[in-house]
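Respectively, the protein sequence lines represent chains A and B.
With our numbering, you'll find the first sequence wraps up at 356, consecutive numbering, no jumps.
With our numbering, you'll find the second sequence wraps up at 356, consecutive numbering, no jumps.
It is worth saying that the hints were derived from the structure and are not from the lab.
Careful: at least some of the hints might be erroneous.
Any copy will do: because identical chains look the same in the list, a pair fits if it lies in one copy or spans two.
In silico DSBU-like cross-links for lysine-lysine, where the CA-CA straight-line distance does not exceed 30 Å [to be verified]: (1) Lys46 / Lys204; (2) Lys173 / Lys337; (3) Lys141 / Lys177.
Note that the structure is predicted; figures quoted are calculated from it, not measured.
Protein chains: 2
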Amino acid sequence: MTDRFAVTYHIRSDASQIEARAQSIAVEQSVEMPIDAIEHQDILDHTVGKVADITDLGDGLFQVRIDLSLASTGLEAGQLINMLFGNSSIYDDVALADADFPDALMAAFPGPGPGMVGLQGNNLRRALTGSALKPQGLPPQGLAKIAAKLAAGELDFIKDDHGLADQAYAPFAARVKACAKAVREANPATRYIPSVTGNLDVMRSQIKIARDNGLDAVMIAPMIAGLPNLEALRRENPDLALFAHPALAGSARIAPPLLLGKLFRLFGADATIFPNHGGRFGYSPHTCGQLADAARQDWSGLAPCLPVPAGGMTTERVDEMLDFYGTQVMLLIGGALLAAKDTMTQETLAFTRKVHAYGR
Amino acid sequence: MTDRFAVTYHIRSDASQIEARAQSIAVEQSVEMPIDAIEHQDILDHTVGKVADITDLGDGLFQVRIDLSLASTGLEAGQLINMLFGNSSIYDDVALADADFPDALMAAFPGPGPGMVGLQGNNLRRALTGSALKPQGLPPQGLAKIAAKLAAGELDFIKDDHGLADQAYAPFAARVKACAKAVREANPATRYIPSVTGNLDVMRSQIKIARDNGLDAVMIAPMIAGLPNLEALRRENPDLALFAHPALAGSARIAPPLLLGKLFRLFGADATIFPNHGGRFGYSPHTCGQLADAARQDWSGLAPCLPVPAGGMTTERVDEMLDFYGTQVMLLIGGALLAAKDTMTQETLAFTRKVHAYGR
């Protein structure tokens, strides 16, 4: 049945109510009206969501598969997420767990540009290293000074903290110019990733500034920018590495492996940053493993997307993280390196050398 | 302290841990790094989030007020929501409850264009009436036929179902042309509101098509489109009525009165559609009342935004809803009117007449 795709929801319900509840979600996520009132057989056959399977997961939780109309997605990022979870995001008892997309859908979306392999370059056999430039509040020269210290620690990447935007105390253009220069001078092998923010036009102008400063990667928070705009930037910039940040991604009860792994990748992310287990955030090892798998496993010919576990990581955890994720990954340590202040470069070197030494 | 604004979170915690947890959220939502590592007194004074108040709400829930840096918002919609809830959206134990904005922030955002009063026109003393055009799957002429039947019922507004996008079976341009014509011919006083979707450029081109068809209102789902793009469309179209749809807005994590009431209004929505209590969705009367208040109450000189309770409403509930919301509101009944099929126009007339008769 190629005119449908399968979506999996987790629904809290009494066993006696689950069939009716599943059916109501199938209607909510498709025609959103009483099906008795639909007079066209064609719509009943091809457009109304169909409950395909209900599995009792125990403790009042049910896994429900609903087959939705492929044509209704319009093969566009915003309408796809709308079909997956638009209105149902408002239900307290429903979470979006997973989705399977047929080739016809996969072929309509861009997927990553340079992707994981492009980001790895000649470093295919070891994990990549990254850190985050902070804190917000510093002027461009203050950030540039920190960027230089981090770059001297031989990182592969330094990304902006997602809190760096286009603030009066550090306007994007001045900040990116200062930091790009500082990183280049401290270590030409380190790539600086500025965070682009604002509406689509503003992000475009920021990408131009990044390129004018010799940069070939930027970070975007797709749930703030809007998923359709991630797709647009990907199509317009096939050569640019797009790092996806999870800001605001947690507010809608979408399973992280689906949203941060599959969907961000499908719409064009080359790397996906996510909170590693055991850090400040509550993702489980299982969730993190699934997310990394979703980002980089074979998927209908799409380039792999680089998993970037982060969020309260330390150099002490490098071996454990690489045991867990393997080396097709970027490890990102922010605060723990910045906390070293005067010995920031040495601490960064300790991190990067530990990553380089892993498995040798 | 005009360089700060107050944000209220609801945090689940043990009483013994709440001070530390509140402090960690204050850091997460600002500098996102160990504050011991911050060497600039200026950043400690003006940028790091400050816990201002902790109130025990009982049952392990605490209300925490955190004062954040105004300058860090960059006075831009995306960065504002990022400061409010970017990373903390990922915490299971934190919800965004409310925010208070100083005049300096309010003055930087557009707020509604025509707003509630512009939408009311000469109907200031009664509630407005609306319905939704469905189902997705119909071709343009099928939708136009339904639109004509609804318009003949003397509705003030007919909005697209949020599931109508730019699908192959009903491309936006053909659909809007057919429906605008059908509505105009059936009742020139009824205003048709097409749903615009996709990236910012696509939405712009759809707005142009809407205008070319004589329309002066469109619907947008800000959480799918990205909040910065709502702000952009508002600034570019001061005369266009923007209806905000709650798709992907989620239920539990950002308080609906803040997101759908305050923030959508601040960024430019003229009307905000939300699930009424007692319908298909779980909003309480208290939440709905707060949301309507947030949308239309005096707020720093911003035009009021029209509350549009919807989601499984019926004509039987008109009096009760108007008792609850007053008449400065639009009542929106979709499925219940569509379900009438052959008597759709009569049922719609019964709805609109009941609204017109209220309070006479």
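Homo-oligomer pair classification [Lys204, Lys46; C-alpha up to 30 Å]
neither (45 Å within a copy, 36 Å between copies)
State whether the alpha carbon distance between Lys141 and Lys177 is at most 30 Å within one copy, between copies, both, or neither.
within (10 Å within a copy, 62 Å between copies)
With identical chains treated as interchangeable, where does the CA-CA distance between Lys173 and Lys337 reach 30 Å or less: within a copy, between copies, both, or neither?
within (23 Å within a copy, 62 Å between copies)
In this structure, the one hint that does not hold is number 1.
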